[in-house]
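Student: Read off the chains here:
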Amino acid sequence: MSDVTRAEVCTVAVAEAFRGAGEILVSCFGTTPAVGARLARLTFEPDILMTDGICSLLGNVDPVSGEKGEPVIEGWVPFRSIFDLLWGGRRHVMMIASQIDRYGNQNFACIGEHAKPKAQLLGMRGAPGNTLSHRTSYWIPNHSPGVFVEKVDVVSGVGYDRAAQLGPQTAKHHDIHRVISNLGVFDFETPDHRMRLASVHPGVSVEEVVEKTGFELAIGDAVAETRLPSPEELQLIREAIDPKGFINKEVRS
Amino acid sequence: MDKRTTEAEAVAELRDGMTIGFGGWGSRRKPMSIVREILRSPLRDLTVVSYGGPDVGLLCKFGKVKRLVYGFVSLDSIPLEPHFRRARQEGSIPEVRELDEGMLQWGLYAAAIRLPFLPTRAGLGTDVMEINPELKLVTSPYEDGESLVAMPALELDVAFIHQNRADMHGNGQYLGPDFYFDDLYCMAAKKRFMTCEKIIDTKDFLSEGSLHTLRINRTMVDGVIEAPGGAHFTECPGDYGRDEKFQSEYAATAKDDEAWEAFRAEYLDLPEADYQKKVAAR
Chain B
1 MSDVTRAEVC
11 TVAVAEAFRG
21 AGEILVSCFG
31 TTPAVGARLA
41 RLTFEPDILM
51 TDGICSLLGN
61 VDPVSGEKGE
71 PVIEGWVPFR
81 SIFDLLWGGR
91 RHVMMIASQI
101 DRYGNQNFAC
111 IGEHAKPKAQ
121 LLGMRGAPGN
131 TLSHRTSYWI
141 PNHSPGVFVE
151 KVDVVSGVGY
161 DRAAQLGPQT
171 AKHHDIHRVI
181 SNLGVFDFET
191 PDHRMRLASV
201 HPGVSVEEVV
211 EKTGFELAIG
221 DAVAETRLPS
231 PEELQLIREA
241 IDPKGFINKE
251 VRS
Chain L
1 MDKRTTEAEA
11 VAELRDGMTI
21 GFGGWGSRRK
31 PMSIVREILR
41 SPLRDLTVVS
51 YGGPDVGLLC
61 KFGKVKRLVY
71 GFVSLDSIPL
81 EPHFRRARQE
91 GSIPEVRELD
101 EGMLQWGLYA
111 AAIRLPFLPT
121 RAGLGTDVME
131 INPELKLVTS
141 PYEDGESLVA
151 MPALELDVAF
161 IHQNRADMHG
171 NGQYLGPDFY
181 FDDLYCMAAK
191 KRFMTCEKII
201 DTKDFLSEGS
211 LHTLRINRTM
221 VDGVIEAPGG
231 AHFTECPGDY
241 GRDEKFQSEY
251 AATAKDDEAW
261 EAFRAEYLDL
271 PEADYQKKVA
281 AR
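Top line first, the protein sequences correspond to chains B and L.
All the letters of the first sequence, read from the start, carry residue numbers 1 to 253 under the working numbering.
All the letters of the second sequence, read from the start, carry residue numbers 1 to 282 under the working numbering.
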């Protein structure tokens, strides 16, 4: 298994984030999350729903690269239905974070002040509603102190400290589940929901993660290693889901 | 009633300072022939409400916008509208009212059904609350006592939408996969204009698409404009896809003032019919 790429390890970590999802819509941004969600659906989470990226629910699992084939359409979700569905909560979204802090406050809106940003990014999009409505995870393909920051410039996705301030009624559906980067997997399973290093990817040291994180992470005595893909999972990734290896362009080994 | 009119007549009804909504989504089925007509007009200080695409990028580039109310501004295949990006980074949009995507729908829906606001959690705990200082909270009168955002009705003076087919009475039909929020824009507005690829006889709607494609009824529309290619360069599925090559050229002009001036002279400083001829000749 020495030929397993870092991207493939990330893909399995993404799939693991969707373990237990059941019959909900999974929405992904980024290549590796798209492959990881499909992997979960083809293995241990067969009931998850996915769209074609426009407004059809796909009854089959379409590849991320290579020949698409004929889609099987199992449903219609125009934006109007998506908004209802997400406020209704039957969804787990994996968004990108341009900045994230120790409590999982996320920014992909802009860098600098909102009034006159140094860099306009995607904007708020659906992050404010998503993070108060259903489970949310984040994908960070380029782990650096500029992304894992002490304080985000603008809050687009609600983190645990801000959710706590909103009170139990408003925050009852707030659930930041995992942060997955090219270096490791992070969760918020600490008493005050600070970000914790859950596992490092094989070949990455805890020191490297600490060095590339701009805030103090919670780190247990023994940090696990992110699991490797099984032979079956590797075959699915390489032959069925991503035959052209797009994930390896997003995350270099 | 025969509601047929033209882009020029519709835009002649606009006044400086009005609040105007544009249907569609990103670079999808946008009423671009109307946008181009506004660019040629002396109108200014507009409040623009949109799930933004090149409508917003162009109106900002031409300095037409005083206040922008939006969920995002994207060209879809290019995730961030480059002219909008530049306007934001230059700080040239006087009042920026960025909302969560769902909040924008809620504001339009409240206006559509004539409520002062609709409650939502979206926005709480984020900088949406700082960016929109007008937003107020409302407390649930029931046992939960929850504090929610009272998303105010986004009342529009004028709404513009683009459909694939329409009849002269103001019934509209979309032939692509999504109707977006076009009905809400119309219902939220005092005056409503619908451009379309083709005006057809009412009896022919169901030979074009199923009953479910008739999302716009004539209570929602005051003026109908036949505008073949009217959504170009955004997509109008059922009739045409997005003109990606044209869109790339448009996008590239955000980084090059000389290229912008050339693009503007070539495509925007001329009547719609000439624009369509130039596009056809490409």
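Keep in mind that the hints were calculated from the coordinates and are not lab data.
Idealized CB from N, CA, C, for every residue including glycine.
Among the hints, a few may not be true.
[As the list claims (entries may be wrong)] Heads up, incomplete: computed chain B residues facing chain L, CB under 7 Å, no partners named: (1) 78; (2) 83; (3) 124; (4) 125; (5) 128; (6) 151; (7) 154; (8) 162; (9) 164.
[Claimed, not checked] Listed below are the simulated PhoX-like cross-link pairs for lysine-lysine, each with C-alpha atoms no more than 20 Å apart in a straight line: (10) B:116 - B:151; (11) L:190 - B:116; (12) B:116 - L:3; (13) L:255 - B:118; (14) L:66 - B:116; (15) L:255 - L:3.
Student: Which numbered hints does this structure break?
Tutor: As far as the earlier hints go, 6, 9, 11, 12 and 15 are violated by this structure, in ascending order.
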